[in-house]
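Listed in order, the protein sequences are those of chains G and F. Taking the working numbering, I'd label the letters of the first sequence as residues 333 to 608. Taking the working numbering, I'd label the letters of the second sequence as residues 19 to 395.
These are computed hints drawn from the structure, not numbers from a lab. Don't be surprised by glycine CBs; every beta carbon is placed ideally from N, CA and C. Treat each hint with caution, since some may be false.
Subject to a maximum C-alpha distance of 30 Å in a straight line, what follows is the list of computed DSS-like cross-link-like pairs (lysine-lysine) [as the list claims (entries may be wrong)]:
{"no.": "1", "chain 1": "F", "residue 1": "K64", "chain 2": "G", "residue 2": "K521"}
{"no.": "2", "chain 1": "G", "residue 1": "K573", "chain 2": "G", "residue 2": "K374"}
{"no.": "3", "chain 1": "G", "residue 1": "K374", "chain 2": "G", "residue 2": "K471"}
{"no.": "4", "chain 1": "G", "residue 1": "K512", "chain 2": "G", "residue 2": "K553"}
{"no.": "5", "chain 1": "G", "residue 1": "K374", "chain 2": "F", "residue 2": "K388"}
{"no.": "6", "chain 1": "G", "residue 1": "K589", "chain 2": "F", "residue 2": "K266"}
{"no.": "7", "chain 1": "F", "residue 1": "K135", "chain 2": "F", "residue 2": "K64"}
{"no.": "8", "chain 1": "F", "residue 1": "K255", "chain 2": "F", "residue 2": "K221"}
{"no.": "9", "chain 1": "G", "residue 1": "K471", "chain 2": "G", "residue 2": "K521"}
{"no.": "10", "chain 1": "F", "residue 1": "K266", "chain 2": "F", "residue 2": "K255"}
{"no.": "11", "chain 1": "G", "residue 1": "K553", "chain 2": "G", "residue 2": "K374"}
{"no.": "12", "chain 1": "F", "residue 1": "K64", "chain 2": "G", "residue 2": "K374"}
Covered by chain F, per the in silico footprint, the following chain G stretches (three or more residues, Cβ under 8 Å) [said to hold, decoys possible]:
{"no.": "13", "region": "361-374"}
{"no.": "14", "region": "414-420"}
{"no.": "15", "region": "424-438"}
{"no.": "16", "region": "539-547"}
{"no.": "17", "region": "555-561"}
Residue strings, one per chain:
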Amino acid sequence: MDYRGYLRVERLPHVWCPGCGHGMITHALACAMAELGLDPNKTTIIGGIGCSGRTAFLFNTDAMHTTHGRAVVFATGLKLVRPELTVVLALGDGDAIGIGGNHFIHACRRNVDLTAIVYNNSIYGQTGGQVAPTTPLQKRSTTSPYGNLEPPFDIARLAIAAGATYVARTTSFDFPDMVKFIKRGIAHKGFSVIEVLTHCPTYYGRLNDLRDPYEMLHNIKEQTVPIEEWDSLSPEERAGKIVIGELHCEERPEFVKSYYEFIARMQGQRVKSDGH
Amino acid sequence: MREPELVQGNEACARGALYAGCRFFAGYPITPSSEIMEYLAREMPKVGGICLQMEDEIASISAVIGASWGGAKAMTATSGPGFSLMQESIGYAAITETPCVIVDAQRWSPSTGQPTKAAQGDVMQARWGTHGDHPVIVLTASWVREVFEMTVHAFNLSEQYRVPVILLLDEVLAHLRENVILPEPGELEVVERRRPERLDDFKPFSNEMMLCFGEGGRLMVTGMAHDEWGFPAQGQKAAEQLQRIVAKIESRADQLALYRAHFVDDADVIIISYGITSRAVEAAGHQLRAQGLAVGWLDLKTLWPFPDKLIRSCTERAQYVLVPELNLGQLVREVERAVGGRVVVEHLGRVDGYLITPQEICQRVQARLKVGVSHGL
Numbered sequence: 333m334d335y336r337g338y339l340r341v342e343r344l345p346h347v348w349c350p351g352c353g354h355g356m357i358t359h360a361l362a363c364a365m366a367e368l369g370l371d372p373n374k375t376t377i378i379g380g381i382g383c384s385g386r387t388a389f390l391f392n393t394d395a396m397h398t399t400h401g402r403a404v405v406f407a408t409g410l411k412l413v414r415p416e417l418t419v420v421l422a423l424g425d426g427d428a429i430g431i432g433g434n435h436f437i438h439a440c441r442r443n444v445d446l447t448a449i450v451y452n453n454s455i456y457g458q459t460g461g462q463v464a465p466t467t468p469l470q471k472r473s474t475t476s477p478y479g480n481l482e483p484p485f486d487i488a489r490l491a492i493a494a495g496a497t498y499v500a501r502t503t504s505f506d507f508p509d510m511v512k513f514i515k516r517g518i519a520h521k522g523f524s525v526i527e528v529l530t531h532c533p534t535y536y537g538r539l540n541d542l543r544d545p546y547e548m549l550h551n552i553k554e555q556t557v558p559i560e561e562w563d564s565l566s567p568e569e570r571a572g573k574i575v576i577g578e579l580h581c582e583e584r585p586e587f588v589k590s591y592y593e594f595i596a597r598m599q600g601q602r603v604k605s606d607g608h
Numbered sequence: 019m020r021e022p023e024l025v026q027g028n029e030a031c032a033r034g035a036l037y038a039g040c041r042f043f044a045g046y047p048i049t050p051s052s053e054i055m056e057y058l059a060r061e062m063p064k065v066g067g068i069c070l071q072m073e074d075e076i077a078s079i080s081a082v083i084g085a086s087w088g089g090a091k092a093m094t095a096t097s098g099p100g101f102s103l104m105q106e107s108i109g110y111a112a113i114t115e116t117p118c119v120i121v122d123a124q125r126w127s128p129s130t131g132q133p134t135k136a137a138q139g140d141v142m143q144a145r146w147g148t149h150g151d152h153p154v155i156v157l158t159a160s161w162v163r164e165v166f167e168m169t170v171h172a173f174n175l176s177e178q179y180r181v182p183v184i185l186l187l188d189e190v191l192a193h194l195r196e197n198v199i200l201p202e203p204g205e206l207e208v209v210e211r212r213r214p215e216r217l218d219d220f221k222p223f224s225n226e227m228m229l230c231f232g233e234g235g236r237l238m239v240t241g242m243a244h245d246e247w248g249f250p251a252q253g254q255k256a257a258e259q260l261q262r263i264v265a266k267i268e269s270r271a272d273q274l275a276l277y278r279a280h281f282v283d284d285a286d287v288i289i290i291s292y293g294i295t296s297r298a299v300e301a302a303g304h305q306l307r308a309q310g311l312a313v314g315w316l317d318l319k320t321l322w323p324f325p326d327k328l329i330r331s332c333t334e335r336a337q338y339v340l341v342p343e344l345n346l347g348q349l350v351r352e353v354e355r356a357v358g359g360r361v362v363v364e365h366l367g368r369v370d371g372y373l374i375t376p377q378e379i380c381q382r383v384q385a386r387l388k389v390g391v392s393h394g395l
């Protein structure tokens, strides 16, 4: 099936601003689903609140638009009772690691077989451009009008440290990598995080002298260094740069599988004891 | 003949949940409800269900909602502080018409309060804790066997009407152990979720039929105002949907009203109570009647939707209504509203963490009747 088959094309155009990167990530997700040949009846897209959360309305699958920051726990409950479903999360940066930070790190720790795509535009877009836990130092927002004083989170590093078993980072500039990493994340059995650095020309750009979407897209790309080159850079050369690529992949017991094995053991014991 | 067994209130709740078919529980440790999760952690996997300890209460109720959309009967249990944290997602369950059961073992007063002291201070929060107009059913119980029965009933109503159902316990009932004979399989009705027969013309948010994820419905579930397909809606469409989900519960207030009425037909004095306090009322009521006083009492099991008609009919010939509760006056205001000034309604509150005693109730009724004689009551 063509990627369009996974989208509710009748609901286009989407609600995002002209020049926004979210449509590109959504497009990449639809392509990844098509290339994997996912069954739309056995796939659920779950979004939180914020611009990214609107992704859920665009997919011709089961979809859930949850409360702010909690998408990952709604998904955990669903995945545990319906292990056969492919569950993909569309999270924003504020959603994932601002209001939902606690759930995010615990999902990483549990290693539930979910794929979280984090649309990281470094700002709260839907509410009008407020500072986020991902806004770089000194950058302006409507609530850091003189420049941000708080250091930002590195979402991919946070995910790795918390125990996510597949972590990749790319940008909305790198379309083929978005598709590739989302595919690998979905195929990976465990909690996968694909952080996509994306552009919000309407708020982040306008407030930080990058109002042209094309310029902003290139600006994000220029800040990144592929992991293949990262190791050969000196600390001075790494300053101000962001490493992208497949950053982490490990095999670790997946929680849902572990839970069902546990249930089988417990029921087996009961059958045995009943048998006596 | 089965032997009675010594069962704790929290254990009765957990066993009631399993009896009702609950196969997903998510919770966070909190006194005085933790034994519910402890029991289910032991027993749930044996019946093929899932019991998760989450990172907080917000995660607990959210996982419960996710599991419910996966088709499982699902529950969480908590106490005041955790119940406060759950409120946003309870609103999500209400607007998305998600069956789920939330148990709140009430503790004394706001914030941390007194975790090991009983109270009935969450009556209004259970009804109005989440923001906005919304439907909810709130049940309570007074005896350990009743905790079991009301837990089963909570699941039944939740599945039947696609609505979050809150079961209010309290610290004493949660920790109380009583000699009981709990229902056997088949003894209580267990209601299953109703599924649409045809998918093609099924509107997921138009009635109490429910399709779950992974069943080919390609459902859209959102906490935003939505149309009958689940997509964002505004104006009249949003108003119609809100009115429908509220009316599906409020219009059934009479049939949802569960209660035990004692001697209300010939009583001048009616005592209205619920939960743990009803035990003191029952003792006091018998004592007062033994003294020849025309006292009746009404023990409410359904607190919300508030049973207006029942209150009106039970107080029809009464001259004095007393509402004892472990708070500074919550359900009494609903009683006052229902009787509409026709009868004197008084509150008997207690907030020192201890239960209202039968003596306190007797004294208040006796004192009131004495005063009442000189005032022509």
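With a Cβ-Cβ cutoff of 8 Å, does the region 414-420 of chain G contain at least three residues near chain F? Coverage by chain F holds here, the residue count being 3 at a Cβ distance below 8 Å.
Tell me if the straight-line CA distance from K573 of chain G to K374 of chain G falls inside 30 Å. violated (39 Å)
Quickly compare the C-alpha distance for K64 of chain F and K521 of chain G to 30 Å and report which way the hint goes. Holds. K64 of chain F to K521 of chain G sits at ~26 Å (cutoff 30 Å).
Holds or violated: K255 of chain F to K221 of chain F, with C-alpha atoms at most 30 Å apart: Given that 30 Å is the threshold and the Cα spacing comes to 14 Å, the pair holds.
Verify the coverage statement for the region 539-547 of chain G against chain F, using a C-beta to C-beta distance below 8 Å and requiring 3 or more qualifying residues. violated (count 0)
K553 of chain G paired with K374 of chain G [C-alpha distance capped at 30 Å]: violated (35 Å)
Pair hint K135 of chain F and K64 of chain F, alpha-carbon separation not exceeding 30 Å: violated (33 Å)
Between the alpha carbons of K471 of chain G and K521 of chain G, is the straight-line distance 30 Å or under? violated (37 Å)
Below or equal to 30 Å on CA atoms is what counts here, so check K374 of chain G against K388 of chain F. This hinted pair is violated, its Cα atoms lying about 71 Å apart.
Hey, K64 of chain F versus K374 of chain G, does the alpha-carbon distance stay inside 30 Å? Judged against 30 Å, a Cα distance of about 27 Å means the pair holds.
Keeping to a limit of 30 Å between CA atoms, is the pair of K589 of chain G and K266 of chain F held or broken? Judged against 30 Å, a Cα distance of about 39 Å means the pair is violated.
Coverage criterion applied to the region 361-374 of chain G (partner chain F; beta-carbon cut 8 Å; 3 residues): Since 3 is at least three, the answer is holds.
Violation of the numbered hints given earlier is confined to hints 2, 3, 5, 6, 7, 9, 11, 16, 17; the remaining hints are satisfied by the structure.
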